[in-house]
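Novice: Sequence:
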Amino acid sequence: MAKDFYEVLGVSRTASEKEIKAAYRKLARKYHPDVNPGDKAAEARFKEINQAYEVLSDPEKRKKYDRWGDQWELADQFEAAGARPGGGNPFARGGSPFGREDGAGDPFSDFGSIFETLFRRERGGPRGMGGSRRGQDVETPVEITLEEAFHGTTRTLNLQTPDVCRTCGGTGEIAGALCHACEGMGTTMKVRRLEVRIPPGVKTGSRVRIAGEGRPGIGNGAPGDLYLLVTVLPHARFERKGDDLVTEVDVPVVDAVLGGEVMVQTIDGRVALRIPELTQNGRQFRLSGKGMPVLGQAGKRGDLYVKVRVLLPDHLTAEERKHWEALRELRGAAARR
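With full-length UniProt numbering as the guide, the letters of the sequence shown map in order to residues 1 to 337.
For the record, the hints were derived by calculation from the structure and aren't laboratory data.
Since the model is a prediction, treat every value here as computed from it, not as a measurement.
Ideal placement from N, C-alpha and C gives every residue a C-beta, glycine not left out.
Watch out, some of these pointers could steer you wrong.
Unchecked claim - Dumping the calculated DSSO-like pairs for lysine-lysine here, alpha-carbon to alpha-carbon at most 30 Å:
id : residue 1 : residue 2
1  : Lys-26    : Lys-47
2  : Lys-307   : Lys-30
3  : Lys-241   : Lys-61
4  : Lys-190   : Lys-26
5  : Lys-61    : Lys-3
6  : Lys-61    : Lys-18
7  : Lys-18    : Lys-30
8  : Lys-307   : Lys-241
To be verified - Per label pair, the in silico range of CB-to-CB distance:
id : residue 1 : residue 2 : range
9  : Gln-297   : Glu-183   : 47 to 53 Å
10 : Ala-42    : Gly-332   : 49 to 55 Å
11 : Val-271   : Val-191   : 42 to 48 Å
With the hints as extra help, turn the sequences into a complete structure.
Specialist: This is the structure:
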């Protein structure tokens, strides 16, 4: 049985978007692969957390999930076919999104007719529908790293798609009897491999359209489209805010006081950052054009914000201590004047 997304994130069903985001960030930091190298259980938990957040952070997907449970991705098809969830909470123990919850009859009695409406082909076209019809769009989740979102990447997907039954030719019958190869549906599921390109600049929530790679059309209808629902995994070094990135850099206390230069790791290399004298802890510098690519705008990038973290020494030599004490005396004398 699929895990409840609300339980995965540890929030109630009435949780606000802010509460869901806060729970996600806390769990993502705890179970991130960079924090748990080689821990397969943590890696699996991290994927669950991202899957749950990808759905619950999107108001439209959350609405479908609340209505249809782990079948939420088929919500449009179910509703088009006239299915409706049972009364009360569709997630209650023993409940079903397809019928009554009182245990009377078969709770999946509508299931055949739903998919028959969706997929069955009969002589002259699908039952109850004449002529041509465009194929259904398909959505599939894809997780990528921040580096992949920066450079763009490819993924090879294994997609399950309905195909005309080769045994009965799509009629659902053989010599007047039910075709057992497709159980009368007229279609069977086949797996096909598809390599897709994800462009630079995508972010969590981006929908990448792959034209014509959805469900096949009916009759002479055009195929639907495939939509990649992107989740960009959290990064150990950078926080993303839109097209901008935020990071921290350690600055020795001497350089913070007297000024100096430090090297900053950006998403695509290292750059020198000039630190002016008397730089305070927490001060932020902007490196223009060192953020993420802007989706669909070639050559345009966001900015990188670098927050200073002043480092105090963890030990002192006798000579260093002498100089620090001399400095204290000097500062104290200046303050007394």
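Novice: None of the hints should be skipped; say for each whether it holds.
Specialist: So, going through the hints one by one against the coordinates:
no., hint, result
1, Lys-26 to Lys-47, "holds, 14 Å"
2, Lys-307 to Lys-30, "holds, 23 Å"
3, Lys-241 to Lys-61, "holds, 22 Å"
4, Lys-190 to Lys-26, "violated, 39 Å"
5, Lys-61 to Lys-3, "holds, 16 Å"
6, Lys-61 to Lys-18, "holds, 16 Å"
7, Lys-18 to Lys-30, "holds, 19 Å"
8, Lys-307 to Lys-241, "holds, 14 Å"
9, Gln-297 to Glu-183: 47 to 53 Å, "holds, 50 Å"
10, Ala-42 to Gly-332: 49 to 55 Å, "holds, 51 Å"
11, Val-271 to Val-191: 42 to 48 Å, "holds, 46 Å"
Comparing the model with each earlier hint shows a violation of hint 4 alone; every other hint is respected.
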